[in-house]
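S.K.: In case you want the letters, here they are:
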Amino acid sequence: MDALSTLFYALVFPGFLFLASLALLFQYVDRKVVARVQGRIGPPLLQPLADFVKLLGKEVISPEGSDSRVLSAAPLVALAAVFAAFLLMPVLGPSPLGFTGDLPVALYLLTLPTVIMLVVGFASKSAYTSLGGARAVTLLFIYEVPFYLALLAPAIAAGSWSMGAIVEWQSANGLLVLSQPLALAVALVGLQAKLERAPFDIAEAETELIAGPWTELTGRRLAVMRLSFDAALVAGCVLVALLFLGGGALPGDPHPYWLVAVAVVLLKAFLVALVLIVVRAAFGRLRVDQFSSFGWRVLAPAAVLQVFVVLVTVGGGWP
Amino acid sequence: MAEIMIPIGPQHPALKEPVNFKVFAEGEIITRLELDLSYNHRGIEKAAESRDFTRVVPLLERICGICSHSHTTNFVKGVEEAMGVTPPPRAQYIRTLIAELERLHSHMLWLGVGGHEIGFNTLLMWTWRDREDIQDTLEEMTGNRVNYGTNKVGGVRRDLTQDQIDRAHKRFDTLEERFQGYAEMATQNPTIRERFQGVGKLTREQALALGTVGPTARASGVDSDIRRDDPYCAYPDVKFQVVTEESGDVFGRTLVRVREMMESLKICRQLLADLPEGPIAAKAPRTAPKADVISRYEAPRGELVHTILTDGSDHVARLDIRTPTLANWTSVAASLPGAHLADIPVVVAAIDPCLSCTSRVTVVDIHGRKPASYSWDELRAWGIDRHAGRRRRS
Numbered sequence: 000m001d002a003l004s005t006l007f008y009a010l011v012f013p014g015f016l017f018l019a020s021l022a023l024l025f026q027y028v029d030r031k032v033v034a035r036v037q038g039r040i041g042p043p044l045l046q047p048l049a050d051f052v053k054l055l056g057k058e059v060i061s062p063e064g065s066d067s068r069v070l071s072a073a074p075l076v077a078l079a080a081v082f083a084a085f086l087l088m089p090v091l092g093p094s095p096l097g098f099t100g101d102l103p104v105a106l107y108l109l110t111l112p113t114v115i116m117l118v119v120g121f122a123s124k125s126a127y128t129s130l131g132g133a134r135a136v137t138l139l140f141i142y143e144v145p146f147y148l149a150l151l152a153p154a155i156a157a158g159s160w161s162m163g164a165i166v167e168w169q170s171a172n173g174l175l176v177l178s179q180p181l182a183l184a185v186a187l188v189g190l191q192a193k194l195e196r197a198p199f200d201i202a203e204a205e206t207e208l209i210a211g212p213w214t215e216l217t218g219r220r221l222a223v224m225r226l227s228f229d230a231a232l233v234a235g236c237v238l239v240a241l242l243f244l245g246g247g248a249l250p251g252d253p254h255p256y257w258l259v260a261v262a263v264v265l266l267k268a269f270l271v272a273l274v275l276i277v278v279r280a281a282f283g284r285l286r287v288d289q290f291s292s293f294g295w296r297v298l299a300p301a302a303v304l305q306v307f308v309v310l311v312t313v314g315g316g317w318p
Numbered sequence: 000m001a002e003i004m005i006p007i008g009p010q011h012p013a014l015k016e017p018v019n020f021k022v023f024a025e026g027e028i029i030t031r032l033e034l035d036l037s038y039n040h041r042g043i044e045k046a047a048e049s050r051d052f053t054r055v056v057p058l059l060e061r062i063c064g065i066c067s068h069s070h071t072t073n074f075v076k077g078v079e080e081a082m083g084v085t086p087p088p089r090a091q092y093i094r095t096l097i098a099e100l101e102r103l104h105s106h107m108l109w110l111g112v113g114g115h116e117i118g119f120n121t122l123l124m125w126t127w128r129d130r131e132d133i134q135d136t137l138e139e140m141t142g143n144r145v146n147y148g149t150n151k152v153g154g155v156r157r158d159l160t161q162d163q164i165d166r167a168h169k170r171f172d173t174l175e176e177r178f179q180g181y182a183e184m185a186t187q188n189p190t191i192r193e194r195f196q197g198v199g200k201l202t203r204e205q206a207l208a209l210g211t212v213g214p215t216a217r218a219s220g221v222d223s224d225i226r227r228d229d230p231y232c233a234y235p236d237v238k239f240q241v242v243t244e245e246s247g248d249v250f251g252r253t254l255v256r257v258r259e260m261m262e263s264l265k266i267c268r269q270l271l272a273d274l275p276e277g278p279i280a281a282k283a284p285r286t287a288p289k290a291d292v293i294s295r296y297e298a299p300r301g302e303l304v305h306t307i308l309t310d311g312s313d314h315v316a317r318l319d320i321r322t323p324t325l326a327n328w329t330s331v332a333a334s335l336p337g338a339h340l341a342d343i344p345v346v347v348a349a350i351d352p353c354l355s356c357t358s359r360v361t362v363v364d365i366h367g368r369k370p371a372s373y374s375w376d377e378l379r380a381w382g383i384d385r386h387a388g389r390r391r392r393s
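Protein sequences, first through last, are from chains L and R.
Take the first sequence: its letter number 131 is residue 130 in numbering that gives the first Met the number 0, and every next letter is one higher.
Take the second sequence: its letter number 18 is residue 17 in numbering that gives the first Met the number 0, and every next letter is one higher.
Mixed in with the good hints there might be a few duds.
Unchecked claim - Going by beta-carbon spacing under 8 angstroms, a handful of chain L positions derived as facing chain R:
1) Ile-155
2) Gly-158
3) Leu-285
4) Arg-286
5) Val-287
6) Gln-289
Everything labelled a hint here was simulated from the structure, so no lab data went into it.
This structure is a prediction, so every number in the text was calculated from the model and none was measured.
The beta-carbon is built from N, C-alpha and C at its ideal position, and this holds for glycine as well.
Based on the sequences and whatever the hints tell you, model everything.
M.R.: Written as structure tokens, this is what we have:
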């Protein structure tokens with residue numbers, strides 16, 4: 000692939016522009032489905048775009064004593080991290096930017112927005128944001144290890160750290176959702192927590208902390224940060240679709256035409272997103288200590304168990 | 000982690016009305032709490048002294064946006080007692096019916112707010128949607144959704160038609176089904192259980208010592224309900240149960256309210272079925288003889304007390320209103336230390352506070368133990384000084 004088409008891949012399709020549109024689309028579906036569950040009408044299709052554009056034009060306010068440069072840079076770093084993670088994912092077939100070991104890199108990049116929430120929380124110099132930032136990182140310590148373990152289980156089974164290879168392996172050996180349902184469940188819970196969605200929206204906690212670390216983000220900072228988290232929803236769902244649901248492969252055709260492949264991946268990602276959305280509508284918010292006890296008593300043992308089972312089966316030469 | 004102070008209010012998304020808590024916390028655990036009430040003193044008691052009995056009723060209706068009927072019923076009941084007037088039975092039934100519909104929509108509102116406080120907005124949207132059915136019924140019967148304008152001294156102002164009664168019955172059937180759903184949801188949804196059970200615990204002894212009232216007291220096993228203990232209006236004629244729970248936590252308060260909704264519906268049906276014929280108001284005299292009446296009423300949030308002093312003229316000499324929120328406030332401060340920061344909105348909301356209705360001003364010299372009074376100009380100067388920061392809030 001020459002430089003020009005790589006640039007096109009990164010900036011237009013399926014990179015920046017495409018992912019940004021998808022992020023807004025997923026935000027629309029998220030809001031619409033939750034609204035319908037709640038007996039409301041919900042927003043029109045272009046509402047997320049309108050919100051984004053409107054926020055771009057709004058005044059940016061830095062609280063007294065806050066570090067304005069950090070607050071401006073943080074959302075951009077988060078956005079860049081999420082978009083970079085998405086570029087590594089084999090959505091059209093193998094990604095031109097993918098390499099052996101792209102899975103840990105993508106996971107690392109998807110962790111960055113949460114760390115950035117901590118930075119934003121403390122840079123904003125407010126009790127609400129600091130507490131929210133502290134909570135965001137407390138949560139990170141609870142869900143991140145099980146989440147990583149759950150996503151590494153497919154890698155161990157496939158014997159590769161490359162997302163493309165894991166997708167390939169599934170075409171030959173069957174979808175991993177069938178052999179590793181526990182890992183999928185842990186991954187979904189981890190994803191929900193990572194994206195700060197109910198019942199794990201503990202860092203944002205509107206009724207306690209206004210908006211947690213988000214409280215002092217205004218104007219384009221808020222718009223970009225929101226977009227990063229929407230894009231993270233897309234990237235997370237695509238990741239699950241790739242690692243557990245076989246990515247863009249069709250039964251009997253591991254390498255369909257790229258347009259078909261991307262449609263299949265997105266359809267699967269969309270189904271994953273629907274699960275996350277319905278869960279968001281069906282629960283209230285847990286407390287930190289409750290999530291912590293759930294994380295260590297249920298989530299972590301489940302992930303460890305799954306990895307153990309995978310190690311035994313792989314070591315035992317089965318399948 | 001060092002102790003930090005987190006200000007909650009007077010403006011805060013968890014609060015619908017202004018109040019200020021200074022919460023001192025170590026990490027996520029609350030160590031102590033300072034309550035600062037009365038941001039919305041409206042001088043209603045004073046205003047009530049300057050209006051005659053007819054014109055004071057609409058004023059009292061506007062004390063609270065939710066239990067508007069409670070205040071007027073309690074007041075006209077007290078004034079009727081002072082005058083020696085007995086309203087006809089049909090008027091009593093209509094008053095009671097509106098009162099129970101008010102309790103229904105108030106408890107529905109609370110359930111939604113309770114859900115919202117733990118981020119369970121689906122429950123909020125559902126309960127508030129169904130609450131509209133009750134509001135529609137109230138609007139059909141009285142012409143208004145909030146301030147019904149039903150009461151007057153001596154009776155009620157509007158009669159019910161058969162058409163309204165039929166429609167209300169139809170709505171009650173749907174509501175009963177929905178209430179069952181809420182009862183199930185409140186007891187079975189895992190996040191509600193996690194966030195409400197064992198939170199904001201108040202023992203029976205504490206509840207009694209702090210003088211809590213209404214669902215807050217009943218959830219701690221205090222078996223008190225003015226509707227049964229000191230019956231008024233049509234309550235002697237209807238059968239209902241006083242709902243109590245033993246757990247004393249927010250979950251108990253939720254269960255009490257949900258089951259009270261069922262009881263209220265039962266009362267409404269009985270009232271409509273047994274509605275007596277006859278006039279809807281008795282002729283009341285213009286003035287009331289000198290009297291000192293304490294009027295009690297079971298508002299949705301608990302016991303509401305109006306102390307009415309009359310002096311033979313056509314207006315009250317003094318009216319003192321003790322709202323249930325004032326009786327319940329101290330229980331919040333008592334049950335929060337040791338709890339998690341995240342529990343504040345839930346525990347505060349669990350008493351269903353109605354803040355603006357509660358604000359009163361008394362000036363007391365704590366050393367001389369003497370009450371004092373301010374003139375309007377002095378009060379104004381005091382207020383300007385305070386907001387300019389020249390005077391410490393005392």
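S.K.: Please go over all the hints and tell whether each is borne out by the structure.
M.R.: Hint by hint, here is what the structure shows:
Using the Cβ-Cβ criterion of 8 angstroms, the hint placing Ile-155 (chain L) at the interface with chain R is not satisfied: the shortest such distance is roughly 32 angstroms. Given hint, Gly-158 (chain L) at the interface with chain R, is violated; its Cβ is 38 angstroms from that chain's nearest Cβ, farther than 8 angstroms. Evaluation of the Leu-285 (chain L) hint against chain R yields a held restraint, the C-beta minimum of about 6 angstroms falling below 8 angstroms. Evaluation of the Arg-286 (chain L) hint against chain R yields a held restraint, the C-beta minimum of about 5 angstroms falling below 8 angstroms.
Annotation: interface hint on Val-287 (chain L) holds; nearest CB of chain R at approximately 6 angstroms, less than 8 angstroms. Interface restraint check: Gln-289 (chain L) against chain R, minimum CB-CB distance 5 angstroms, threshold 8 angstroms, status holds.
Going through the hint list in order, the structure does not satisfy hints 1, 2.
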